[in-house]
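What follows is each chain in one-letter form.
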Amino acid sequence: MGKDLIQKSLKDSLFTGIIALALFGPIVGLRTVAKNEVLVVEPKWFIVLLIVAFCAIGRFFINIYSYKKEQRRGEPSSLGKAISNFLDEKGAQIAIAAIAFSIIFPFMPFADRYWMDIAIMMMTYIMLGWGLNIVIGLAGLLDLGYVAFYAVGAYSYALFAIHFGWSFWICLPIAGLFAGMFGILLGFPVLRLRGDYLAIVTLAFGEMIRILLLNWYELTKGPDGLTGIPRPSFFGLPFKRYPDEGVETFHTFFGLEYDPMQRIIFLYYLILVLALITNAFTIKIRRLPVGRAWEALREDEIACKSLGVNPRNTKLTAFAIGAMFGGFAGSFFATRQAFISPESFTFIESAIIVAIVVLGGMGSQTGVVLSTIFLIGLIEVFRDFESYRMVAFGGAMVLIMIFRPRGILAKRKPTITMGKHG
Amino acid sequence: MSETLLDVQNLTMKFGGLIAIDDLSFSAKKDHITSIIGPNGAGKTTVFNCLTGFYKATAGSMYLSKNNNKMDLKKFSDFKVAQKAGVARTFQNIRLFPQMSVLENMMVAQHNKLMTASGFSILGLINSKSYLQKEKEAMEISKYWLDIIGLTNRADDNAGDLPYGDQRKLEIVRAMCIEPHLLCLDEPAAGLNAKESAELNKLLKFIKNDKKTGILLIEHDMSVVMGISDHVVVLNYGKKIFEGTAKQTKNSPEVIEAYLGTED
Ligand SMILES: Nc1ncnc2c1ncn2[C@@H]1O[C@H](COP(=O)(O)OP(=O)(O)OP(=O)(O)O)[C@@H](O)[C@H]1O
Ligand SMILES: [Mg+2]
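One line per chain: the protein sequences are H and R, in this order.
Taking our numbering, the leading residue of the first sequence gets 146, the next gets one more, and so forth.
Taking our numbering, the leading residue of the second sequence gets 3, the next gets one more, and so forth.
Everything labelled a hint here was simulated from the structure, so no lab data went into it.
Since the model is a prediction, treat every value here as computed from it, not as a measurement.
Dumping the calculated BS3-like pairs for lysine-lysine here, alpha-carbon to alpha-carbon at most 30 Å:
id : chain 1 : residue 1 : chain 2 : residue 2
1  : R       : K210      : R       : K76
2  : R       : K214      : R       : K86
3  : R       : K138      : H       : K235
4  : H       : K429      : R       : K115
5  : R       : K145      : H       : K556
6  : R       : K145      : H       : K429
7  : R       : K138      : H       : K556
8  : R       : K86       : H       : K429
9  : R       : K131      : H       : K558
10 : H       : K558      : R       : K115
11 : R       : K204      : R       : K249
12 : H       : K429      : R       : K136
Isolated chain H (complex conformation):
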């Protein structure tokens, strides 16, 4: 019996190796390099061999592993279970600890410019993940074009801030409103679609917005992008070393030395607050009738209709609110970068956010945080390996899907409870 299994697994891994060779051979193995101003193909067979061996051996062990798992079916898979149990029991404490850590983070000795930038980026993804979690995790609408709302938020923020000179706190809600309106705009045509069809149409919508931004030159400056987006100020106090005559700045007001980190730290707290607002809002609205209706719709739309729940309005609110938070995050992105162009809003961004939500465990707020740290962290760690980043990214997703097919944190908490004795 064991021999049979090994034989089968060997066959299987041989097959996997052949597929890997066919796939990676041309992609990785053949590199074009410029030599004496001509392009020549330089084979890199060693790397291909490594990848193929990795795939084949990996496949072999997966087979053995899943066989063993089948043998002890019924027993919970240990590590993942342990993690999610731990998070279930200590959830509140962990959340408080995590928030406390994020508050003191900028003052940690190691938190230099590099770490702060990563932290800000992660926090932005966490916020986007939480926003998209409403649409995908709660309402069950697989939206692959979420980056469109991020873009709408960024562009409306930039345009209002540049042309009218309004401050961040005025432009922010306007940008959210615009993004929310686009959410409804997308929502209407896709009301009747589910699953794959919905995914395809939302994906196309994301591309449409990007192409619109590329081509509407009068408004968006097309591929040149928008420059000179006002930097954020601390309630009217700018972060500038040499302010204009008679203008008080952050460092003069507080009697500090000028330090460019002050602005970074401010940005960090800004995105932290925005993300926490998103989180608090989602947690609260999930317990309201509309939130329960989202989840019910995800579970069974026909049953919802039979109970008089209006599926159209319910879906549209999910799209609109999810999009609104995407828009807020977009505003932040615009003010942080001071420059935006359609290049920042490609499909890969949507894909990463969807991956964050799905890998985190549909609907789980903590899951979003964990998978962001994991995925974005991974991309960052592999930054030096350039094109292998995405391979690592994909590999990580495959691993999570093998060990935790329903996401890192799949357990759902009821929105309302009767308690033990009613």
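Place chain R with the ligands on chain H using the hints.
Structure of chain R with the ligands alone, referenced to chain H:
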């Protein structure tokens, strides 16, 4: 002589060339349990789907009398039949929200009134007293029904984890949470054992007598049909072949031939 609750006239439903319901007329009274029986594929579920707006009937009329007010059910589409006309239904293949708790299932059924109470979420977001009060009332209604079917101690468990019989009962009381005038049940006794089936009879009688809700019942289990029906409509190939009391139905030669089969 009690008043008519549902009046169906010349209902016809065609799927391409297939005539699933053929010129069907019947009525259901307010304090009655009206059963629709017939062999597989006779068109019973299709009647429900027309009544509850999931299908648009090809021809015919359906009127529901509500507080001396005749409502044309054809005017409402799916969710509005439940919301505006107060017609609730269950499904042949149970349709609960399996990953949500039992209590949550009951709360979703009270969605419309809670949505209004939550000021379309605004009052809810600021924890307004009036909303919290309404939420508490909704929980009490849920508890009331869960007590009746004996599921209160499982209120916080996932609906999908309940045993089959309990899921059936839960689907029925969940439908009752919308405070319907007419409750349409599609084979509620399917898959129940004798004890559960007896409990179901009791529950349906309670809904009819104490809640004054008219019931339209599709059922294959003759012990249920004969035990509680006040009126029986028999369908075969989309046509009504017989209509009468349970006793008359049991003894009708046409019905025996088409459906019940010759008993020993
Ligand atoms: N959406 C549809 N499209 C095409 N044909 C349909 C559709 N719904 C039902 N039918 C057909 O209509 C006929 C009646 O089906 P229906 O489901 O109403 O039967 P039923 O009496 O409920 O049977 P059962 O006892 O098996 O539940 C069947 O021949 C069925 O195939
Ligand atoms: Mg049927």
